[in-house]
Structure formats: C-alpha cells, structure tokens
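> Knowing the structure of chain S, use the given hints to seat chain X on it.
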Amino acid sequence: MISVADALLFLVPALYAAAAAVSILLFVRPESGARRLARPLLFAAVVAHGVEIALRAAVARRCPLGTLAETTGLTAFALAGTYTVLSLRSGRRPTGVLIVPLSCALVLAYVLTRREAGAVNPALASPWFSLHAASAVLAVAALAVSFVHGVFYLLLYREIKAHRFGLLFRRLPPLAVLSRMTNIAAVSGFSFLTVTLAAGTAWGLRSGHAGAMLRDPMFLLSAGAWLLYAAGLAVRYLAGFRGRYTVLLSVFAFSLLILSMTAVFLLFPALHVYR
Amino acid sequence: MSTGDALPLIALGVDHRTASLAVREALAFDEERARRFLTEDLHHLPERMVLSTCNRTEVFAVPPPGVAEPAGQLADLLGRARGLDLAAADARPSVFIGEEAVLHLLRVACGLESMVLGEAQILGQVKAAGELAESCGAAGPVLRKLLETAARAARRARAETKIGEGAVSIASAAVDLAEKVFGSLAGHSALVVGAGETGRLVAKHLHAAGIGTMRLANRTLGRAQAVAAEVAAEPFGLCGVPPGLRDSDIVVCSTSAERPILTREEVKAAMRVRRGRLLLVLDIAVPRNVDERAREIEGVLLHDIDALRSIADGNLAIRRKAVPKVEAIVEEARRAFENWRKSLAAEPTIVSLRRRFEAVREEELAKNLKRVPPEARDAARKLTESLVNRLLHEPSARLREAAGEPRRAAEAAAALADLFGLSEDDRG
Chain S
1 MISVADALLF LVPALYAAAA AVSILLFVRP ESGARRLARP LLFAAVVAHG
51 VEIALRAAVA RRCPLGTLAE TTGLTAFALA GTYTVLSLRS GRRPTGVLIV
101 PLSCALVLAY VLTRREAGAV NPALASPWFS LHAASAVLAV AALAVSFVHG
151 VFYLLLYREI KAHRFGLLFR RLPPLAVLSR MTNIAAVSGF SFLTVTLAAG
201 TAWGLRSGHA GAMLRDPMFL LSAGAWLLYA AGLAVRYLAG FRGRYTVLLS
251 VFAFSLLILS MTAVFLLFPA LHVYR
Chain X
1 MSTGDALPLI ALGVDHRTAS LAVREALAFD EERARRFLTE DLHHLPERMV
51 LSTCNRTEVF AVPPPGVAEP AGQLADLLGR ARGLDLAAAD ARPSVFIGEE
101 AVLHLLRVAC GLESMVLGEA QILGQVKAAG ELAESCGAAG PVLRKLLETA
151 ARAARRARAE TKIGEGAVSI ASAAVDLAEK VFGSLAGHSA LVVGAGETGR
201 LVAKHLHAAG IGTMRLANRT LGRAQAVAAE VAAEPFGLCG VPPGLRDSDI
251 VVCSTSAERP ILTREEVKAA MRVRRGRLLL VLDIAVPRNV DERAREIEGV
301 LLHDIDALRS IADGNLAIRR KAVPKVEAIV EEARRAFENW RKSLAAEPTI
351 VSLRRRFEAV REEELAKNLK RVPPEARDAA RKLTESLVNR LLHEPSARLR
401 EAAGEPRRAA EAAAALADLF GLSEDDRG
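Just so you know, the protein sequences line up as chains S and X, in that order.
Letter by letter, the first sequence follows residues 1 to 275 of my numbering.
Letter by letter, the second sequence follows residues 1 to 428 of my numbering.
Chain S extracted, bound-state conformation (with noise of 0.2 Å):
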C-alpha cells in the first residue's frame, strides 16, 4: 500500500500543477481549448490524492492529521475537492484561478515536508479528537472556498456598481452564482464547524481539558466565527434576506477565523496544544 501511495507523491502535485496552470490559463484566456481539460484535471487530482491520503490512514490506523505536513496535505486536499463540487455550479466561467494554485502550492509543501515530520500527537487516538480536527479542516476548506468567491462576489458587485466592464466583468461568473457559490460553500463549512466545535467539547469534557478550553483564544473565536455564520445564514436562509451585507458577513467571519487562528498559532502557540 506505501509503495502505491509514493508512487502518487510524483502523480498527485503533477496533476495539480496541471490543473492549476489550466485555472490560470483559463482565466486569461477564456476561450481556450484548455477549458475541457479544467474539470477531469482536477477530478483526477483530488481522486488521486484521496487515495494517497487514505492507503497512508489505513497504514498508520490513526486520522491522516498527526503532522503539520500531513494537515497541509488534507487542507489541500479538502481545499480542492469542496471547489470540485461547487464548480459544477459555476457555469461557462470557471473561478479556480485562485484555490486550484493555492491547492497546489499546500500539496508542493506536503510533499516536500513530509519526511522532516516530528512526534504524532497521542489525542489523535481518540476518534472525537480526530473528528474534531479532520472537520476543523474540511471547515477551513470550506469556508476558504466560500471566502474567496465572496470577495469575488464583492469585487464584481463594485464593478458592475462603478459601471467599470473590465477584466473582472468579463471572467467572472454572474453575480448570482458567486453568491450562490458563497453561500453552499458557507454552509457546508458551517456544518463542518458546528461539528468540529460539538466533537472538541465532547473530547475536552471526556478528556479533562474543558477547563482549559474555555480559556483557549482558537476555541473562543472558533465560537465567535460560528455565532457570526449562523447569523449570517439565518438571516439568509430564515429572514430571506439577500445580497451583499450576506455576503460581507461570510467574508468577514473567515477573515476572524483566519485572523484568530494565525494570532493563536503566532502569540500564543502553547494555548492550543492538547495531548
């Protein structure tokens, strides 16, 4: 099973490196022929390195998140794949100029750093510390690929607002499919957050580390970024409301997420380790 799974160390950053040239080509030249190799490029990407990821889980029996290197290359993976399924919504205009290269990029860096791996935390012996953590990461996907066609959403609203018909008008999808775009993806990653938050709580209440999980900065914002979702979809979803200020609302509940989480990894690294 190892010797396959290396094997696709060398196909799985070839294909996204394909599928990411084909995303950036497209979105300089529309009307490429390139276009019909876009989606079973990164099809094929996501299948292959779904396989990978899961004959190495299968080998270590423990959630593929044991390393830094190995969360980069289920973030990448995750990252990839939501944008495979939301594509499909896209229509004629496809919008991975940025998350297929940025896929890439985190697959390159896993590949590259997957050797100098240090010790695996223990928690991962738990399966509600490892539901946590792979949700935490399918959560992040998502609400990355929600993020980054929100501000899609934004730049082309202004756009169109401004009567400016450049670049943007012509490339990107119609506002409607950006903010519908935006909002499944903020929705999934909304589930997957409410699951990351509801499997920590129940590993910090089995485990003894409620305590210190009500003073931890990444599970306090995490909430805050939640409330802010849940807020923005029911607004959405219950009150029918829609148009930019939903959007807004996604985008910025990422950007505290994001914010929160490189504040916490930064200033207070100790605060987030549990073993």
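Simulated from the structure, these hints should not be mistaken for lab results.
Beta carbons: idealized from backbone N, C-alpha and C, even for Gly.
Any given hint could be a false lead.
As the list claims (entries may be wrong) - Label pairs and their computed distance ranges (CB to CB):
# : chain 1 : residue 1 : chain 2 : residue 2 : range
1 : S       : 265       : X       : 324       : 20 to 28 Å
2 : S       : 220       : X       : 120       : 38 to 46 Å
3 : S       : 255       : X       : 321       : 37 to 45 Å
4 : S       : 47        : X       : 372       : 50 to 58 Å
5 : S       : 194       : X       : 275       : 24 to 32 Å
6 : X       : 275       : S       : 208       : 45 to 53 Å
7 : S       : 263       : X       : 328       : 51 to 59 Å
8 : X       : 324       : S       : 47        : 38 to 46 Å
For chain X alone, kept in the frame of chain S given last:
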C-alpha cells in the same frame, strides 16, 4: 459540371454597404417569394439560392455553360421579380464571380460582412437559404459543398475566435448586463417602462433570453397591450411602475418623459421591501427617466445609456481584433473548397475504375458463388465488396490529390486507362 475551368458561380446582390434601406426593403424576399423566384424566374439555372436578411438580398447561382453576361441577366431577373428598376433606383448590385463568390459567401457566413460585425443570426439565415434551395430542387453539388464549407468555417470562427464576443447593440448589452447580474433570467422578472421602439426592442431581447415574467408599462395602455402581446408580457399603465419595483429584478426605462419618472425615494422604498435582493435598473432614455441619485442606494445597480454603450463598444473592439483570425479561417475554408473542386476532375477516372473493378467482382461472384454454401453467400459478397473498396481507396485518394496539378492528373489518368483498359467514353 466542368471542373478544369474557372468556377461557374455568381453572387449578385445588395447589402447595407451598397444600397439604401429603401432599395434593400424593395429587394427583400420572404420565404414564399423566394421560393417562387427560385422555381419560376430562375428555373433555367442549374443551381441557385437566395439569401435575404434585414441587411442583404443576394442571389447565388451557377449559370448554364455558354450564357453571355449571366450577371446582367441575373440582375434583370432580380429587379423584375421584386418590381424594381435597379437602374432607375440607382442601385448597383455587387457582383462576385467564381472564387470571389466563394470567398464572399464564406465571409458572409462568418459575420465579417454583417452590419453588426460577427452577429450570430447570419449563419442560421445562410443555412435557411440553403434549405430553401434544397426544397425547391435548386441546390446542386457546388452550392451544397459551399454551404457545408461555409457552415463549418462559421462554427470554427465562433468557437476559436472572439468574433461573437458579447453584445454590441444597446438592447443586447442590456440583456448581457442582466445576465451578468442574475445568470439565467428564467427565474427573474422584468419591468419594461415605455413601449416605444427601444422599449420594444429590449423587451424582445429579454423575451428571447428567457426572462421568467415580464410586465410592460406605458402612458397609453393600448400601445402597452400591443407590444406586450409580442413578448408575452403583462401590460399596464405608468401608475403601476413604483409598486412594480418591489417584485421586479430588472427595470428598463425608455420613455420620452422630460422629468424622471422614478425618484430616489421611490426606489429606496422598494429596496426596503426587497430585503437586499439586487435591483438592476437600466435607464436607456434620453433625458434620463430615473433619478441619478438612486445609484447610491445599496443593492441598486443603475445604468444609463452611456454605460450600456461602453459595454457594446468594448465588445465591438474585441470583435474587431478577432477579424484577422477569422479571415485566416475563411482562407483555409476557401482553399478546402478549391481543393474539393479540383478533385472533381478526377471523378470520371475514379468512376470508370470503380466500374471496371465492380464488373470483375460481379463476374467472379457469378462464376464462383454457386460453389459457396448458401448461408455463406452474403458474407462472400460483403467480403468482395470490402476488398474492392480497400483496393480502390488509395488510388482514388491519390487521383483526387493529383487533380490540382493538370499535368500530373492527366498522366495518372492515362496510366490507369492504359493499365486497366479504360476507354475514353468510360472516363467521360
């Protein structure tokens, strides 16, 4: 058809560059008149076709051999059929002969000769002209091959270049913008205010783009009803416009009112009810129909005629840039048609060769088939057919290829005639 000489094809007609609107109107054909023209006035021509659109009326014909001044005769017939004295009307039809006529039809089909560069409808109109000629028994090998070549070139031009990029008229730019905001218009509603020519045109474009529901408001209800009937819209008077903003996604204003008919307050009040849903307001009237300050309201995308014109101009510039690429496609198509025409010179030899092989095949089958079990006879027939086809494929292809060079073609034909004993009569 003689294949060694110049192509006996004539294209004659008028378009937006060569004739006034009055002349184009007078020479236009509807389907029934075109059918009569093809079957009665032009029945003496072996191949003929009429292409009649808003901006052009052209006749494509292959005249019989030996006709003096065929273009002059065709012009007379065209004028007579439409009751117009071309000389008196100072209308000088353009005439394209042989290769020029081929090139002209290819350029027309690709949208290079259209009033709106790269417009998409022309290919359908060319195809329809071909179908009409076919149904009248007026199409022949030259026109059929030319139409097929033209259709392929036009499809390539649209797929491989930006000749059809975006909208280039105000009405289509309005629909383009609506689609850029809402995507598919099927689930959306439009309110068109003003049933004049511009309003009617935009309503028609919205209808063609598949708008979900449309309402049409006008100062005089009778006019609103007349236009609404054309575009499956609901007609009503101007007093219904401000309330109509609440449940319309696209509002098009094109009345001749001197003052704004929609104030900022009215738009703002509508937006409060719309709960953030975008409202696209296209004010294509001069003077403007919508208070300019409405543009500042959140969720309102207000565009005037200048904004729409800038979309149209931008797209037109892109189309103009694509012209050299389309011309290269046209040139390739012209060469392909020319090669096909030259290859026709080889047909008599190929037919003769095939006849000879078929005769041998039949003779051998007749002699030997009785020795074959009945259940295997069909298979034996198919086997011999396949054998003959395989054997003849390569020499046929080589003969067609050589047809472009008269000396080489004559040598090849003579060699085959000598080797296989083909008579001069056989070769036509």
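> Could you check the hint for me, namely that residue 324 of chain X and residue 47 of chain S are 38 to 46 Å apart, CB to CB?
42 Å Cβ-Cβ, so the 38 to 46 Å window holds.
> Please check whether residue 265 of chain S and residue 324 of chain X have a Cβ separation lying inside 20 to 28 Å.
55 Å, violated
> Could one say that the CB atoms of residue 255 of chain S and residue 321 of chain X fall in the range 37 to 45 Å?
40 Å, holds
> Mind checking the hinted window 24 to 32 Å against the Cβ distance between residue 194 of chain S and residue 275 of chain X?
26 Å, holds
> Could you say whether the range 51 to 59 Å given as a hint is met by the Cβ separation of residue 263 of chain S and residue 328 of chain X?
Given range 51 to 59 Å: holds, Cβ gap about 57 Å.
> I want to verify a distance hint. Is the separation of the beta carbons of residue 220 of chain S and residue 120 of chain X within 38 to 46 Å?
58 Å, violated
> Given a hint of 45 to 53 Å, does the C-beta separation of residue 275 of chain X and residue 208 of chain S actually sit inside it?
47 Å, holds
> Between residue 47 of chain S and residue 372 of chain X, does the beta-carbon spacing fit 50 to 58 Å?
54 Å, holds
Hints 1 and 2 from the list above are not met by this structure, while the remaining hints are.
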